[in-house]
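Take a look at the letters that make up each chain.
There are 2 protein chains.
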Amino acid sequence: MKYPNGIKKDTIFHNINYKNRGMNLENDLNITNEYYREIDKAYIYKKPTPIKIVNVDYISRKAATINEAYFMEPSTTDYNGIYKGKYIDFEAKETKNKTSFPLDNIHPHQIKHIRNIYNHNGIVFLIVRFTSLDKTYILLGKDFLSYIDNNSKKSIPISYFVSKGYEIKFKLQPRVDYLEIIDEIYGGII
Amino acid sequence: MKYPNGIKKDTIFHNINYKNRGMNLENDLNITNEYYREIDKAYIYKKPTPIKIVNVDYISRKAATINEAYFMEPSTTDYNGIYKGKYIDFEAKETKNKTSFPLDNIHPHQIKHIRNIYNHNGIVFLIVRFTSLDKTYILLGKDFLSYIDNNSKKSIPISYFVSKGYEIKFKLQPRVDYLEIIDEIYGGII
Chain A
3 MKYPNGIKKD TIFHNINYKN RGMNLENDLN ITNEYYREID KAYIYKKPTP
53 IKIVNVDYIS RKAATINEAY FMEPSTTDYN GIYKGKYIDF EAKETKNKTS
103 FPLDNIHPHQ IKHIRNIYNH NGIVFLIVRF TSLDKTYILL GKDFLSYIDN
153 NSKKSIPISY FVSKGYEIKF KLQPRVDYLE IIDEIYGGII
Chain B
3 MKYPNGIKKD TIFHNINYKN RGMNLENDLN ITNEYYREID KAYIYKKPTP
53 IKIVNVDYIS RKAATINEAY FMEPSTTDYN GIYKGKYIDF EAKETKNKTS
103 FPLDNIHPHQ IKHIRNIYNH NGIVFLIVRF TSLDKTYILL GKDFLSYIDN
153 NSKKSIPISY FVSKGYEIKF KLQPRVDYLE IIDEIYGGII
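Residue numbers (the numbering used here), protein chains in the order written: chain A, 3 to 192; chain B, 3 to 192.
It is worth saying that the hints were derived from the structure and are not from the lab.
One thing to keep in mind: the hints can contain errors.
Only part of the chain A face toward chain B is listed, based on derived beta-carbon distances under 7 Å [to be verified]:
hint, residue
1, PRO50
2, ASN57
3, ASN69
4, ALA71
5, THR78
6, HIS111
7, LYS114
8, TYR120
Source: prediction; values computed, not measured.
Yeah, the Cβ is synthetic: ideal placement off N, Cα and C, and Gly gets one too.
Full structure from sequences and hints, please.
Dropping the structure here:
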């Protein structure tokens, strides 16, 4: 069973796994982004899942029930917002794979989107969690695109994340402090 | 009949009105944003309508039908993206009112969002179309917030748009060239 949007049913009804601190990456990021908003550090949101609405029942003036709709493929990445006045944009993915990140996780129009944002000087990256290894990496857009452009492989080996990426260590607050890494990478530039 | 997200049924099944060139503001903006992407000027998208999914039928591995879902109130504005490396964010609204823009068109958390983006140096504004007058204005976030903070009225008079806002003249390509106005306002700063 697979949602077309890359949401897997088993991540929604996720069993508590203490090694992974009981949370999946999406939940961790939602909590992290909420924390960033609370401390007025950044305003970054997950975009709603795009849905094609086919039929709506109007029960009353105020209530409308959608009774036929379908998941659509997203044309952009899932997360975007503002950090220090700059545009920030990323896609977050989990894989159970221990040796590589399968590229079919990222749609072709999402790759195009990442390229556009990179060319326009946005801060753009992937956050990839290897759930079996309990490791989470940031891979900058430029390094992701460089891999895509120079390899015909259908996956990115974990060694590429280790050498080109940046590991995000789990913290209690915020859980996935990716902006700390962004600060390190960009230094005084932003 | 009103969708909770501010989408009116009559704008979806919109009659062709040659005075308004047959398009509503949302359609005009979609075409405009598509044009900006085609000429590689800016990457600005309308966010999907947030929907609360209650029940999904799994017909096959590939197809999933949502058969119970509800519209949710958006917590941010509808449009955001990147322009010249900067974060850009806006809300677009139409009103049939000829004398003022009713503030119940903008939810309290959207006002909060506009304030946050303004405080963090994003380019943030409203695009308001007075459909009966066939006039479309940009009102910058700072002027919108200034009005909200200094008035207890439930609407913004059109005179405020005339004095503080910037009229977007209709063009053939792109239809609603709001970035032209943004360039004028910000000049060489961005």
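| Quick check: which numbered hints come out false for this structure? | 2, 6, 7 and 8
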